[in-house]
Amino acid sequence: MKTKNLFGILMLFLFTFAFISCDKEDEEDTKVTNYQEYELTVASKKVLGMIFSEGNNYFRKVYAVKKNNAQDWISFSSIQDFNYEEGYEYHIKISETTYLDYRKGDPSWTEYKLLEVISKEKHDSEGLPDNFLSNNYNCLNAEFRYVIEADEKDELEKRLMNNSPLFMCKQFVFNKEFTEFAMLNEDSEYLVLADGKLIRETNDNENFPDSYKLIPLEGQVAATAQWTFICDFITHKAALTMDAFIVNLPGSTGNSGGMRSQIWLYQDMTQYAQEAFPEAGVKTVVVSYTFAIN
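Heads up: the sequence shown runs through residues -20 to -1, 1 to 274, numbered per mature numbering (1 follows the signal peptide of the UniProt record, and there is no 0).
Calculated from the structure, these hints are not laboratory results. Here the structure is a predicted model, which is why all the values come from computation and not from measurement. Any given hint might turn out to be false.
Computed list of lysine to any residue pairs in SDA-like fashion (alpha-carbon distance at most 25 angstroms, straight line) [claimed, not checked]:
{"id": "1", "residue 1": "K156", "residue 2": "E181"}
{"id": "2", "residue 1": "K25", "residue 2": "E181"}
{"id": "3", "residue 1": "K150", "residue 2": "E137"}
{"id": "4", "residue 1": "K193", "residue 2": "A224"}
{"id": "5", "residue 1": "K73", "residue 2": "S24"}
{"id": "6", "residue 1": "K46", "residue 2": "M30"}
{"id": "7", "residue 1": "K100", "residue 2": "G67"}
{"id": "8", "residue 1": "K46", "residue 2": "L95"}
{"id": "9", "residue 1": "K93", "residue 2": "E129"}
{"id": "10", "residue 1": "K217", "residue 2": "S75"}
{"id": "11", "residue 1": "K26", "residue 2": "K93"}
{"id": "12", "residue 1": "K25", "residue 2": "E132"}
{"id": "13", "residue 1": "K11", "residue 2": "F56"}
{"id": "14", "residue 1": "K156", "residue 2": "L171"}
{"id": "15", "residue 1": "K263", "residue 2": "E132"}
{"id": "16", "residue 1": "K138", "residue 2": "F56"}
{"id": "17", "residue 1": "K46", "residue 2": "E17"}
{"id": "18", "residue 1": "K41", "residue 2": "D212"}
{"id": "19", "residue 1": "K100", "residue 2": "N111"}
{"id": "20", "residue 1": "K73", "residue 2": "K100"}
{"id": "21", "residue 1": "K25", "residue 2": "H71"}
{"id": "22", "residue 1": "K93", "residue 2": "R40"}
{"id": "23", "residue 1": "K47", "residue 2": "Y82"}
{"id": "24", "residue 1": "K100", "residue 2": "S75"}
Per label pair, the in silico range of CB-to-CB distance [claimed, not checked]:
{"id": "25", "residue 1": "E101", "residue 2": "T204", "range": "48 to 58 angstroms"}
{"id": "26", "residue 1": "D9", "residue 2": "T204", "range": "50 to 60 angstroms"}
{"id": "27", "residue 1": "N143", "residue 2": "I31", "range": "21 to 31 angstroms"}
{"id": "28", "residue 1": "K263", "residue 2": "K102", "range": "47 to 57 angstroms"}
Even for Gly, the Cβ is constructed at its ideal location relative to N, Cα and C.
Based on the sequences and whatever the hints tell you, model everything.
Below, the structure is given as structure tokens:
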């Protein structure tokens, strides 16, 4: 009797072990959970959107596409093997494959791959949205001002225009809480010069650099603050700090009928320019950005 019980227990153990082993083996394989093919119309230029990667959202240029001759443009982040050339509207066929692999931190993901270029036409796509951002984000056009005093002013100006995000930015994007940002330049290949987190702190300091007076602000200063832009670059993070002045404009009203306000951001870049370009004879470099907030 005992022998039969032991034999039964042993068989149950072996069966359970085999079942777990097979289940574990299944989990260690990469599985295809969905596959489909369809056609896309791809717009002649990319626009600003957001992509999700490794638990974070990033501002990026994305494709504007219409799926299977739909009426509305939608966002599309990437297509493998697609050699896109701006200025051309494409009609293509792609595959969409969804994978599952429990060995990865994010076990499920989807890949899109080009199967065929059906047509490629030199054509400016119509009806494109300005961006694919949600209502929680605002794109703000920024007025850029700067003053450079240096022995080699023209050369220094050229180098700053080509190397410094502060000299290249044309637009800002902020979420409504002003805790996330992106610096944009439509002429840049990647559109997004820098993006990341924004830290705002009150600043009662009245001893601002004298160079700020070279770009006099207009209106009544309602408050001052320090804005620190934590930039998420591919290889590293960097902090960019600017002094912020919240300014009420006289004789103007915003959308709600109240006083219209602006943000004036300043940074004295003199020390940076002196260290980065010692041969230029730098005396003063100061920049300012202005944009409306209501």
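If you check each hint against the structure, which ones fail? Numbers 2, 9, 10, 12, 16, 23 - these are the hints that the structure violates, sorted from lowest upward.
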